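All chains should be modelled from the sequences, with the hints used to inform the complete structure.
Residue numbers for the sequence shown follow our numbering, so the first one is 1 and each next one is one higher.
Simulated from the structure, these hints should not be mistaken for laboratory data.
Be careful, since some hints might not be right.
To be verified - Calculated lysine to aspartate or glutamate pairs in the DMTMM-like style (CA-CA distance at most 20 Å, straight line): (1) 2 - 60; (2) 34 - 9; (3) 63 - 13; (4) 24 - 50; (5) 34 - 50; (6) 2 - 69; (7) 34 - 54.
It should be emphasised that the depicted structure is a prediction, and the values quoted were computed from it without experimental measurement.
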Amino acid sequence: MKLTLNRSEFMQELQTVQRAISTKTTIPILTGVKITLTDQGLTLTGSNADISIETFLSADNEKAQMNIEQTGAIVLQARFFSEIVRR
Numbered sequence: 001m002k003l004t005l006n007r008s009e010f011m012q013e014l015q016t017v018q019r020a021i022s023t024k025t026t027i028p029i030l031t032g033v034k035i036t037l038t039d040q041g042l043t044l045t046g047s048n049a050d051i052s053i054e055t056f057l058s059a060d061n062e063k064a065q066m067n068i069e070q071t072g073a074i075v076l077q078a079r080f081f082s083e084i085v086r087r
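Laid out in structure tokens, this is it:
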């Protein structure tokens, strides 16, 4: 997965998804955010087993300035990933 996009637009979507992600859980995957990149755009998913939040950032969104080079999917630790993106 490889892309470039506007950081502030991405952070808005990431912060929305993080509302559903638990920082303390016995199931490690629930502390992560799933990032899926397709030719249509970027999907972020977060869950705490009770609720899930999914956002979609379209590749056609002018504000996002998205350039998709390679599609894919990954789950990353939400807390650490958001710290990296902020800097």
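Results of checking the hints against the structure:
1. 2 - 60: The given pair, whose Cα atoms are some 17 Å apart, holds under the 20 Å limit.
2. 34 - 9: Cα-Cα ~17 Å, so holds.
3. 63 - 13: 13 Å, holds
4. 24 - 50: 14 Å, holds
5. 34 - 50: 16 Å, holds
6. 2 - 69: Holds, at roughly 5 Å.
7. 34 - 54: 9 Å, holds
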